[in-house]
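As they're listed, the protein sequences go chains E and G. Its first residue numbered 462, the first sequence is counted upward by one per residue in the working numbering. Its first residue numbered 462, the second sequence is counted upward by one per residue in the working numbering.
Keep in mind that the hints were calculated from the coordinates and are not lab data. A hint or two may mislead.
For chains that are exact copies, the list does not tell them apart, and a pair is met inside one copy or across any two.
[As the list claims (entries may be wrong)] In silico DSSO-like cross-links for lysine-lysine, where the CA-CA straight-line distance does not exceed 30 Å:
#1 K708 <-> K697
#2 K517 <-> K490
#3 K490 <-> K463
#4 K573 <-> K613
#5 K697 <-> K591
#6 K661 <-> K599
#7 K573 <-> K517
Number of protein chains: 2
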Amino acid sequence: MKRVMCIPNYSEGRDAEKIDKIVECFRAKEGMKLVDYQPDKDHNRTVVEVIGDPEKVMAAVIESVKVAQEVIDMREHEGAHPRMGAVDVVPFVPITEVTTEDCVEYAKQVGKAIGDLGIPVYLYEDAATKPERQNLAKVRKGQYEGFFEKIKEDGWEPDFGPREMNAKSGATAVGARFHLVAFNVNLNTDKVEIADAIAKKVRFIGGGLRFVKAIGLPLEERHQVQVSMNLVNFEKTRIYQALEFIKAEARRYGVSVYGTEIIGMVPLAALVESAAYYMQIENFSADQIIETLLIEE
Amino acid sequence: MKRVMCIPNYSEGRDAEKIDKIVECFRAKEGMKLVDYQPDKDHNRTVVEVIGDPEKVMAAVIESVKVAQEVIDMREHEGAHPRMGAVDVVPFVPITEVTTEDCVEYAKQVGKAIGDLGIPVYLYEDAATKPERQNLAKVRKGQYEGFFEKIKEDGWEPDFGPREMNAKSGATAVGARFHLVAFNVNLNTDKVEIADAIAKKVRFIGGGLRFVKAIGLPLEERHQVQVSMNLVNFEKTRIYQALEFIKAEARRYGVSVYGTEIIGMVPLAALVESAAYYMQIENFSADQIIETLLIEE
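Okay, chain E solo, but in the shape it has when bound (with noise of 0.2 Å):
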């Protein structure tokens, strides 16, 4: 069955009846499942995360849009995070039986749909229809209030909806992103200059692994440093690649690994990968798991 992730981001994290309103769109629906919503007051912005049939997320989405539109005002919000709209972003993320390109499509027509209610639209990341656009800081880059004027910019035409700024709901950015793997290896030293070294070693800018995000930090209480990384495509560059490489760099400095953290939500389709590597498993299928049998249908 195909799924896929939606994590829309509402400019409205303090009135709890149109949080709520907004929130509606995705609760108890059929072919869908509201994971969590997180609204918060200092940034005056709520996170709602959903699962499901695309078709269905994709109509969910635009009808929670039209709510957005009606219940937030954008000239009187204020709150620590930056945004440009009130959906302020609709990232689409692949779950199960979809690609990124399948996620690149659920953005263009959600995207249409959007700026057929009047506001424009800039699609990101994978979806971007230009390399200076991948970035989501640099599309939302101004905010709100600077759009009015950036949206006349040169090279900063909406992919869709009008080429002026709604002065109610803004403008709005949808895309798609493989889902992200916040991956950390802790080191058996103190010294944070190897786990600056090694870290810049892994990643895709340092000549390293093509989906690799890397930085060295301290662990000062644990007396230990971490490579703390963002695996940006963990089809592609698997979580063990990270892990033995990093292992073969440590040796250089005569350093083992303690121990590693995955933070956060990981795809079962990441683990079981490595899990396949380090235990040799041929043609293992996540279908064997007993749990897969309970996801709903």
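Got chain E sorted already, so can you dock chain G onto it with the hints?
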């Protein structure tokens, strides 16, 4: 959420209408999922697999025993598989938030209920009340036909129900056991005596790992050999322990592991524990796997 697996075996594998009446007890029921059912004409037997809330699964099993009591007459039963009753065996296996000890309790509750229906019941495996009843083959020895005498023998009084064979429904074995992981290790050699020697070392009876059963086998087409194992308690003897034990023994012969196989279904926890070992993940929880969010509550 508590979840148990139950795999009741019914002595009817030919009459689709009767099978359907039995399976109906588990189909589309709230709080449980009918995973599979396999009628076998030669064995004249149907194996049902159901996972769900323990209370609801127990109730459905008892309901199915009443149906089997109606529709199956052991006086007319013939089939290739050993059997002692219309409902032949009822094993409970822990899945989530349930221990083997809990499953022993479920076996006793269901056993008592079946006994109250006038059917002699024997508890087996982890639910056994005597060592000689742990092994199902020993309990079932003599089969339906022999039980009219066996039930009167010293030491073979039923755990529940009358000490008199039920001519129509026979006797039933109810048990609790851990999920078995079928794990094979393929070695880079065609000498079956090496697989044999390693199998004898790794298994419990040879002084090896507590919860491992193992034999050596030739894989003729592959020109390799296999240590074929059943891990009967993957929580206490983990997959990686069996693998590392075999790697260490194989080194004695200058032989390496070509690959491994996990046959059939495996609980997520079995895989996660071994993945965490090899990847040295600190404090990893299966709840961090996205797909667990999709499991019906």
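Checklist entry - Looking back at the hints listed earlier, which ones does the structure fail to meet? => result none
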